[in-house]
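Given these sequences and hints, build the entire structure.
Here the protein sequences come in this chain order: A and B.
Counting along the first sequence from 1, when you hit position 22 you're at 22 in full-length UniProt numbering, and nothing is skipped either side.
Counting along the second sequence from 1, when you hit position 65 you're at 65 in full-length UniProt numbering, and nothing is skipped either side.
No lab work stands behind these hints, which were simulated from the structure alone.
Be careful, since some hints might not be right.
Taking CB as the label site, the calculated pair distances span [unchecked claim]:
id: 1; chain 1: A; residue 1: P213; chain 2: B; residue 2: E143; range: 29 to 35 angstroms
id: 2; chain 1: B; residue 1: I71; chain 2: A; residue 2: D68; range: 31 to 37 angstroms
id: 3; chain 1: B; residue 1: E177; chain 2: A; residue 2: A55; range: 26 to 32 angstroms
id: 4; chain 1: A; residue 1: V10; chain 2: B; residue 2: Q53; range: 47 to 53 angstroms
id: 5; chain 1: B; residue 1: E198; chain 2: A; residue 2: Q217; range: 40 to 46 angstroms
id: 6; chain 1: B; residue 1: Q218; chain 2: A; residue 2: G31; range: 53 to 59 angstroms
id: 7; chain 1: B; residue 1: Q185; chain 2: A; residue 2: V130; range: 30 to 36 angstroms
id: 8; chain 1: B; residue 1: V131; chain 2: A; residue 2: K43; range: 30 to 36 angstroms
id: 9; chain 1: B; residue 1: Q53; chain 2: A; residue 2: G46; range: 40 to 46 angstroms
Result set (DMTMM-like, lysine to aspartate or glutamate): computed pairs, CA atoms no more than 25 angstroms apart in a straight line [to be verified]:
id: 10; chain 1: B; residue 1: K150; chain 2: A; residue 2: E142
id: 11; chain 1: B; residue 1: K55; chain 2: A; residue 2: E88
id: 12; chain 1: B; residue 1: K9; chain 2: A; residue 2: D95
id: 13; chain 1: B; residue 1: K98; chain 2: B; residue 2: E146
id: 14; chain 1: A; residue 1: K97; chain 2: B; residue 2: E89
Every residue gets a Cβ at the ideal spot worked out from N, C-alpha and C, and that includes glycine.
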Amino acid sequence: LSSKPSITPVLYGYFRSSCSWRVRIAFALKGIEYEQKPVNLIKDGGQQLTDQFKAINPMQQVPAVTIDGITLSQSLAIIQYIEETRPEPRLLPADPKQRGQVRIICDIIASGIQPLQNLYVLQKIGAEKVQWAQHFINRGFEALEPILKQTAGKYCVGDEISMADICLVPQVYNAERFKVDMSQFPTIRRLNQTLTEIDAFKVSHPSCQPDTPDDLQA
Amino acid sequence: MHAMATQAKPVLYGYFRSSCSWRVRIAFALKGIEYEQKPVNLIKDGGQQLTDQFKAINPMQQVPAVTIDGITLSQSLAIIQYIEETRPEPRLLPADPKQRGQVRIICDIIASGIQPLQNLYVLQKIGAEKVQWAQHFINRGFEALEPILKQTAGKYCVGDEISMADICLVPQVYNAERFKVDMSQFPTIRRLNQTLTEIDAFKVSHPSCQPDTPDDLQA
Numbered sequence: 001l002s003s004k005p006s007i008t009p010v011l012y013g014y015f016r017s018s019c020s021w022r023v024r025i026a027f028a029l030k031g032i033e034y035e036q037k038p039v040n041l042i043k044d045g046g047q048q049l050t051d052q053f054k055a056i057n058p059m060q061q062v063p064a065v066t067i068d069g070i071t072l073s074q075s076l077a078i079i080q081y082i083e084e085t086r087p088e089p090r091l092l093p094a095d096p097k098q099r100g101q102v103r104i105i106c107d108i109i110a111s112g113i114q115p116l117q118n119l120y121v122l123q124k125i126g127a128e129k130v131q132w133a134q135h136f137i138n139r140g141f142e143a144l145e146p147i148l149k150q151t152a153g154k155y156c157v158g159d160e161i162s163m164a165d166i167c168l169v170p171q172v173y174n175a176e177r178f179k180v181d182m183s184q185f186p187t188i189r190r191l192n193q194t195l196t197e198i199d200a201f202k203v204s205h206p207s208c209q210p211d212t213p214d215d216l217q218a
Numbered sequence: 001m002h003a004m005a006t007q008a009k010p011v012l013y014g015y016f017r018s019s020c021s022w023r024v025r026i027a028f029a030l031k032g033i034e035y036e037q038k039p040v041n042l043i044k045d046g047g048q049q050l051t052d053q054f055k056a057i058n059p060m061q062q063v064p065a066v067t068i069d070g071i072t073l074s075q076s077l078a079i080i081q082y083i084e085e086t087r088p089e090p091r092l093l094p095a096d097p098k099q100r101g102q103v104r105i106i107c108d109i110i111a112s113g114i115q116p117l118q119n120l121y122v123l124q125k126i127g128a129e130k131v132q133w134a135q136h137f138i139n140r141g142f143e144a145l146e147p148i149l150k151q152t153a154g155k156y157c158v159g160d161e162i163s164m165a166d167i168c169l170v171p172q173v174y175n176a177e178r179f180k181v182d183m184s185q186f187p188t189i190r191r192l193n194q195t196l197t198e199i200d201a202f203k204v205s206h207p208s209c210q211p212d213t214p215d216d217l218q219a
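Written out as structure tokens, the structure is:
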């Protein structure tokens, strides 16, 4: 039998991009080996703005992933594709109502917080960028805290790791970068503390990626 | 014979002109699901989404929210995926995972990359420059969507079946028109929007004919 070797998935990401980190966590949880082709969002005016990268992702953002002969963008679309094609271990609960809870948490982060504090937007906001970022992270966390109080067991939704946990940890990292006062979010803090002890969240951490600058390495 | 409890109809907390609420209205219409509306006026009384009552329904203080099957859901795509998983016909996501991926990319470009940057809350914070800001982010997103859709589209956004991508696209085009975005550079988006807005589910759910549509904006 001749079988073609599987091509290793390739992640176009940036060490400190929270959306790229989500995908790194998912790969790690699934035990999927992958290559990284870092895209430096700052250097050379931003490598995501090159024509080469635009051909990979017309939205000119990270992450993008080449897998199974296709290229995907948008971290949650990537993760759901991985989930549907490599189902173990599961990243979404079996029950539709719990799946709904997971998606609500993901979407609050991926639509309600992160897009308002990513690099592109902060560059447009200018001098007030830190207050702007803090405002939107606070607003989202003020909603997430009571939601998570209801849904969380050991993890964000019940006692199984899900896409909600994958979205939460990188967003907390961003909150800490912008010096958000986390004392008002005890459930978020507790969950983050539990999750950051898990291997998949550690190996994928911004401090230890191929493109992590020397001065930011763990 | 068992006594059957009457199923309570789903309830949508939305606003006629909220594009995210419109997505959910389209989904209900495509699925043939009857539902009630409890409008939340985003402008009146300083914004009814900011009341304690509504905060109890959605801590994020945004529309849409939906009460269905005894639970309350927020975030339009989470709502729509719940509806899809519990009422599977007609399908709103393709069977093939790669095509599903394409649908989700299109949805997420709109739901994470465009709409959150031009919703009412953000524009109120931006202030005087709000129209240019909204145009900028819609243009940026549509400049990415146009080549993507050129690749993925058949009769609809992805192939020839209506999907969540179409559900997200039409309300975003409506927003683009509200902000006077120059649509001439997006022929694929325009063609898809033209096809979709002829479909009943997109018509009955249109902002111009909702229970809370103001008289002067009615169709």
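Each hint, compared with the structure:
Distance hint for P213(A) and E143(B): a CB-CB separation of about 31 angstroms, consistent with the stated range 29 to 35 angstroms. Between I71(B) and D68(A) the beta carbon distance is about 35 angstroms. The supplied range of 31 to 37 angstroms therefore holds. Here the CB-CB span from E177(B) to A55(A) is close to 30 angstroms, well matched to the stated 26 to 32 angstroms. Between V10(A) and Q53(B) the C-beta distance comes to about 49 angstroms, which sits within the given range of 47 to 53 angstroms.
The hinted window of 40 to 46 angstroms between E198(B) and Q217(A) is violated, with their beta carbons roughly 57 angstroms apart. Between Q218(B) and G31(A) the beta carbon distance is about 56 angstroms. The supplied range of 53 to 59 angstroms therefore holds. For Q185(B) and V130(A), the hinted distance range of 30 to 36 angstroms is satisfied, since their beta carbons lie about 35 angstroms from each other. Between V131(B) and K43(A) the beta carbon distance is about 33 angstroms. The supplied range of 30 to 36 angstroms therefore holds.
Here the CB-CB span from Q53(B) to G46(A) is close to 45 angstroms, well matched to the stated 40 to 46 angstroms. Straight-line distance between C-alpha atoms of K150(B) and E142(A) comes to about 40 angstroms, which puts the hinted pair past the 25 angstroms bound. With a CA separation close to 37 angstroms, the supplied pair K55(B) and E88(A) exceeds the 25 angstroms bound. For the proposed pair K9(B) and D95(A), the alpha carbon gap of about 21 angstroms is at most 25 angstroms, so the pair holds.
Our distance criterion of 25 angstroms between C-alpha atoms is met by K98(B) and E146(B), whose separation comes to about 19 angstroms. A distance of roughly 18 angstroms separates the Cα atoms of K97(A) and E89(B); the hinted pair therefore holds under the 25 angstroms criterion.
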